[in-house]
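Here the protein sequences line up with chains A and B, keeping their order.
Residues in the first sequence are numbered consecutively from 1, following our numbering.
Residues in the second sequence are numbered consecutively from 637, following our numbering.
Read the hints as simulated data drawn from the structure, not as lab findings.
Mixed in with the good hints there might be a few duds.
Claimed, not checked - List of simulated lysine to any residue pairs, SDA-like, C-alpha gap at most 20 Å:
| # | chain 1 | residue 1 | chain 2 | residue 2 |
| --- | --- | --- | --- | --- |
| 1 | A | Lys576 | A | Gln508 |
| 2 | A | Lys393 | B | Leu847 |
| 3 | B | Lys806 | B | Leu847 |
| 4 | B | Lys812 | A | Thr194 |
| 5 | A | Lys375 | A | Asn90 |
| 6 | A | Lys251 | A | Ile316 |
| 7 | A | Lys180 | B | Leu847 |
| 8 | A | Lys198 | B | Lys806 |
| 9 | A | Lys45 | A | Tyr110 |
| 10 | B | Lys812 | A | His359 |
| 11 | A | Lys251 | A | Lys375 |
| 12 | A | Lys443 | A | Gln175 |
| 13 | A | Lys375 | B | Cys713 |
| 14 | B | Lys806 | A | Gln283 |
| 15 | A | Lys209 | A | Val112 |
| 16 | A | Lys393 | B | Met809 |
| 17 | A | Lys393 | B | Thr718 |
| 18 | A | Lys375 | B | Glu721 |
| 19 | A | Lys423 | A | Lys576 |
| 20 | A | Lys285 | A | Gln175 |
Claimed, not checked - Label-pair ranges, simulated between beta-carbon atoms:
| # | chain 1 | residue 1 | chain 2 | residue 2 | range |
| --- | --- | --- | --- | --- | --- |
| 21 | A | Asp439 | B | Asp714 | 46 to 52 Å |
| 22 | A | Thr239 | B | Ala841 | 52 to 58 Å |
| 23 | B | Pro855 | A | Asn300 | 26 to 32 Å |
| 24 | B | Leu720 | A | Thr204 | 31 to 37 Å |
| 25 | A | Gly319 | B | Asn684 | 22 to 28 Å |
| 26 | A | Asn300 | B | Leu720 | 44 to 50 Å |
| 27 | B | Asn684 | A | Tyr281 | 49 to 55 Å |
| 28 | A | Glu156 | B | Leu720 | 44 to 50 Å |
| 29 | A | Arg499 | B | Thr719 | 29 to 35 Å |
| 30 | B | Gly857 | A | Asn300 | 28 to 34 Å |
| 31 | B | Asn684 | A | Ala456 | 42 to 48 Å |
| 32 | A | Tyr281 | B | Thr719 | 31 to 37 Å |
Because the structure is a prediction, the values reported are computed rather than measured.
Ideal Cβ placement from N, Cα and C applies to all residues, glycine included.
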Amino acid sequence: MSAYSVNISVEAPVENQIQEITYDGQEIYTPPLTMSEHLTKLAQKIDFAKCGPEELNKEITEIDKNEDEAEQSTAPPLWPWDSVRNKLRNALTEVSVLADVLSIAKEKHYMVLDPVPQEPPELKPMVQVYARKKALAGAASVLLSGADRLKNLQAEALRNRTTPDFHIELLRLRQNFRLKKVSNSIVGDLSYRTAGSKFAQNGTFEVTKAEEDGDSPLSPPCSPNASLSNKPTSALRVTVPSELQGVAFIKVFFQKDQDSLTAAQLNLPSSSTANAIPDMYWQPKLEAAQNVLFCKELFNQLAKDAVQLQSPIPHIVVGNQIIASVLPGIQLVIGLCHSGVSTDGKTAVVPPSSNGHDHVLEHSLHQLLRELHHKNTHHPFPHPSSGPIGPSKRRRLAGPCAVDREELMQMTQSETMLEQVIKQAQHINLRDRTLFVLDRLAKDIKDPLITSHWNALNSPTQSCVKINIVAHMYDTICRTSLLIHVNETTLKCITRDGRVIHMSYESQELRDFIMCQVYLHQMTAVQNLAKCMGWQCLANSAQLGVGAVEPFGNASSCVLASPTGERLISVRCEPKSGVHVTIAQSPRKDFFPGQLVKERKWENLGGSFKEVRWDKMEGKNFLNKMELLMASLTSS
Amino acid sequence: MNEMGVTTNSAFLCLFTSASAFGSPIVQMAQQTVNTAIDSLSAALKSNIIPNQEYFLQGSILDSSVEVLLHRLRGLCDNVDTTLETFHDHEMCFSIRGPNNAQPALQLRVRRSLDHNGMPMQLRYIGQPEIGDKSRPTVLRNSIDIGTSNTVVEFLTELGCRKDFEYLAKGYMFRKGRMKITVFKVFKIDETRKMSGGAFESLTALTHSYLVELSVLAPSGQDAIADDMRCFAEQLRPLVQLEKIDYKRLVHGP
């Protein structure tokens with residue numbers, strides 16, 4: 001770089017004035033002032049008369065004259081310091097006078113300062129009164145004008161109650177939503193980020209002042225008796241991003257197996273109300289936008305789960321619907337309905353069951369997403385406090401308790417939202433089926449009464465029902481109870497004798513089981529009744545191995561003997577074909593001594609059993625009939 | 637969160653606690669799986685996910701003003717809807733010297749929670765704090781902590797550590813994102829009146845003030861969090877000044 005450098009010489013410009021230029025071009029400069037000459041020149045410029053502040057006012061007005069005066073000092077001074085000396089001498093005189101006066105005032109030796117009595121000024125009372133009146137009038141006028149202004153403002157505020165102040169509105173908005181001032185505009189946030197959401201979509205809205213001119217033909221201007229317009233106008237306007245406009249909700253319903261999987265778009269039937277009012281009050285507008293964001297996040301999460309989950313029948317995500325199979329033949333459809341969105345061509349297939357959507361499951365979905373948000377923010381605190389924030393209690397205990405790898409892996413797995421919703425849907429389905437079966441049975445079977453009590457408290461995936469089987473009027477004799485736990489896809493039934501039976505979701509299994517229980521009940525009831533009547537139970541068998549094979553369950557039977565032993569009753573209960581009752585008599589009525597059996601004593605062996613025509617028997621129900629039969633056989 | 641990190645922590649710990657407390661079969665079992673544990677540990681170290689650095693700011697506030705600070709922290713920190721989280725911890729500091737009385741001694745801290753008895757005790761190593769210059773907003777120090785079973789005190793004593801001192805800390809805990817804020821009072825333990833079962837009957841407070849600490853545990857290299865911490869400390873400014881405190885200057889004070 002040094003090759004390109006150029007030497008530059010710097011010299012000050014010529015300062016001395018040119019006095020004369022000779023004919024041969026030579027310039028003669030005035031010799032520069034010596035130091036003393038320079039000093040005198042500067043000293044002459046000082047004006048010792050101008051040193052006080054009272055002189056400054058005059059100085060400003062006479063600033064031009066000053067320069068003229070300086071130039072017009074006529075005679076050149078005899079001695080350069082003459083004026084300076086004069087001014088200093090004057091100053092000395094003044095200061096000595098001042099010192100004298102001060103010493104007189106202070107010392108009081110030789111001279112004393114004595115005030116001169118002065119005449120008081122002449123009082124003119126009327127002038128004083130007039131002066132005071134004028135002053136008071138001036139003050140009063142100021143106060144009155146201020147009061148008038150305030151009164152006008154208040155009257156105006158009373159009249160214009162419908163258009164409140166922009167700042168009051170802004171304050172109220174700030175109480176509900178977070179606002180921030182970004183350069184010139186006010187920007188707000190309606191997303192759920194602070195509540196724990198990790199959704200990427202932006203939820204910012206902009207707040208502006210509403211226009212002053214009344215372009216809405218609804219409210220006629222300036223008439224105090226005008227009827228209040230139905231839509232309240234507001235001083236501020238809120239601009240919501242376009243993808244969050246309108247109203248959205250999640251729709252959940254069941255559908256039976258359908259062959260066609262059309263790409264149908266779920267649509268709200270009338271979407272015209274969304275864009276009607278531009279100047280709508282901001283609170284419902286912002287709440288609707290927030291709801292749209294929430295529904296979008298929910299649907300997004302569910303769609304992600306649907307794609308990632310591996311289930312035997314894969315879940316389908318089509319357009320704005322997710323179709324998941326709950327049970328074979330039944331599908332759960334979750335759809336996102338957004339009204340403000342402009343839809344393209346192939347739209348408007350409203351599914352047939354549009355009225356029967358499941359509010360409970362929709363609420364569950366909302367709750368599940370809120371739970372997810374809650375888990376994202378509420379991490380448990382470490383105890384002791386020096387631990388890291390983040391791991392759950394089980395994770396913290398995992399180290400010291402030496403849990404193995406499998407348990408650790410299990411800790412990391414958690415149920416997705418879609419799985420949870422499907423479980424709940426399965427449970428709802430199974431519960432409805434069980435309800436239907438029990439009600440049907442209760443309606444069909446009149447003889448022992450079947451009552452079912454469902455538990456009031458249950459979880460979204462489990463309910464319990466207690467079933468009582470009693471005969472009318474004989475509830476103290478015998479009562480059979482069962483407890484059924486309804487889970488998502490299975491039923492667990494616990495009987496009083498401790499048996500636990502697991503059933504699948506097929507409703508026929510439950511029906512068969514309850515029928516068996518009914519007939520067992522009849523048998524137990526008969527035996528208890530016999531005890532009450534004094535009859536003796538000779539034999540009974542719950543699972544009888546004789547007779548025809550039953551399609552489900554086993555026949556049961558018992559043999560009863562009367563108190564005197566003369567009569568026998570045999571009861572056989574078959575789940576398919578009902579009850580058969582036969583009676584026998586101990587000394588045979590129809591004993592005839594024949595060739596082989598000659599003696600009379602053989603009549604005591606007892607006769608054969610004869611069937612009773614049960615439908616002709618008197619009595620309201622089976623037990624009643626049995627009671628009457630026993631009573632009649634006892635007495636005769 | 638740091639799933640890998642905690643997994644490796646627990647695997648790492650299994651090697652240690654099993655060595656002391658249990659018999660040989662388990663040690664053999666540990667040796668069988670030693671390849672995978674060390675592999676995963678080295679992988680974790682390489683990928684820089686183990687939080688072994690602590691960014692730290694401290695301050696103190698008088699007893700009379702602590703209520704105001706607590707209200708302010710409740711408003712600033714996360715989870716306003718939950719109740720105030722209190723803690724009551726007992727910390728013991730052990731140190732072990734190398735052979736030939738080598739200086740400096742290795743210091744280890746054991747901390748246990750007195751109000752949550754089921755939680756494991758924490759064994760902690762804290763390195764020398766790096767004060768840094770003006771550009772570094774917080775103190776940075778190495779910090780490794782692991783959960784241990786209740787036998788850790790015996791273990792350390794067996795190793796040869798001696799208990800230097802112990803104290804009780806009782807106060808409140810807050811959290812904002814990754815930052816943890818604790819406001820607590822330090823109590824001295826009166827050894828003569830220690831009740832059976834480890835409970836402490838008489839406590840004397842050391843000062844009439846509360847200690848306020850703001851800390852973040854992070855892997856090395858995440859210095860941006862220090863700026864967030866400084867911004868947060870600014871918000872507590874007139875009540876409590878959270879700043880870097882140099883212990884060496886306190887020790888060699890006038």
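Hints and how they fare:
About 14 Å separates the Cα atoms of A:Lys576 and A:Gln508, which keeps this hinted pair within 20 Å; it holds. This hinted pair does not check out: A:Lys393 and B:Leu847 have alpha carbons roughly 26 Å apart, beyond 20 Å. For the hint pairing B:Lys806 with B:Leu847, the CA-to-CA distance comes to about 10 Å; that is within 20 Å, so the pair holds. Between B:Lys812 and A:Thr194 the CA atoms are separated by roughly 11 Å; this keeps the pair inside 20 Å, and the hint holds.
The suggested pairing of A:Lys375 with A:Asn90 is violated, with an alpha-carbon distance near 92 Å, which exceeds 20 Å. In summary, the hint linking A:Lys251 to A:Ile316 is supported, as the alpha carbons are separated by about 16 Å, within the 20 Å threshold. For the proposed pair A:Lys180 and B:Leu847, the alpha carbon gap of about 34 Å is over 20 Å, so the pair is violated. As the CA atoms of A:Lys198 and B:Lys806 are separated by approximately 35 Å, the hinted pair breaks the 20 Å bound.
Restraint check: the Cα-Cα separation between A:Lys45 and A:Tyr110 comes to about 43 Å, which exceeds 20 Å; the hinted pair is violated. Taken as a hint, the B:Lys812 and A:His359 pair is broken in the structure, with Cα atoms around 36 Å apart against an allowance of 20 Å. Between A:Lys251 and A:Lys375, the direct Cα distance comes to roughly 25 Å. Violation of the 20 Å bound is thereby established for this hinted pair. A distance of roughly 58 Å separates the Cα atoms of A:Lys443 and A:Gln175; the hinted pair therefore is violated under the 20 Å criterion.
Of the pairs offered as hints, the one joining A:Lys375 and B:Cys713 holds, with about 16 Å between alpha carbons and a cut-off of 20 Å not exceeded. Between the alpha carbons of B:Lys806 and A:Gln283 the distance comes to roughly 45 Å, so the proposed pair goes past 20 Å and is violated. Restraint check: the Cα-Cα separation between A:Lys209 and A:Val112 comes to about 77 Å, which exceeds 20 Å; the hinted pair is violated. Taking the CA atoms of A:Lys393 and B:Met809, the gap is about 17 Å. The hint holds against a cut of 20 Å.
Simply put, A:Lys393 and B:Thr718 have alpha-carbon atoms about 18 Å apart, close enough for the 20 Å limit, and the pair holds. Restraint check for A:Lys375 and B:Glu721: satisfied, since their Cα atoms lie roughly 17 Å apart, inside the 20 Å limit. For the hint linking A:Lys423 to A:Lys576, the alpha-carbon distance of about 36 Å lies beyond 20 Å, and the restraint is violated. At roughly 16 Å between alpha-carbon atoms, A:Lys285 and A:Gln175 fall within 20 Å of each other, so this suggested pair holds.
Distance hint check for A:Asp439 and B:Asp714: the Cβ-Cβ separation is about 50 Å, which falls inside the suggested range of 46 to 52 Å. Distance hint for A:Thr239 and B:Ala841: a CB-CB separation of about 56 Å, consistent with the stated range 52 to 58 Å. Roughly 31 Å separates the CB atoms of B:Pro855 and A:Asn300, a value that falls within the hinted 26 to 32 Å. Between B:Leu720 and A:Thr204 the Cβ separation comes to about 33 Å, which falls inside the hinted range of 31 to 37 Å.
Separated by about 43 Å at the C-beta atoms, A:Gly319 and B:Asn684 break the suggested range of 22 to 28 Å. The supplied range of 44 to 50 Å is broken by A:Asn300 and B:Leu720, whose beta-carbon atoms lie about 36 Å from each other. The supplied range of 49 to 55 Å is met by B:Asn684 and A:Tyr281, whose beta-carbon atoms lie about 52 Å from each other. Against the hinted window of 44 to 50 Å, the Cβ-Cβ separation of A:Glu156 and B:Leu720 comes to about 49 Å, which satisfies the hint.
In this structure, A:Arg499 and B:Thr719 break the distance hint of 29 to 35 Å, their C-beta atoms being roughly 48 Å apart. Remark: the range hint 28 to 34 Å for B:Gly857 to A:Asn300 is upheld by a beta-carbon distance near 33 Å. Distance hint for B:Asn684 and A:Ala456: a CB-CB separation of about 55 Å, inconsistent with the stated range 42 to 48 Å. Taking 31 to 37 Å as the suggested C-beta distance range, the pair A:Tyr281 and B:Thr719 conforms, at roughly 36 Å.
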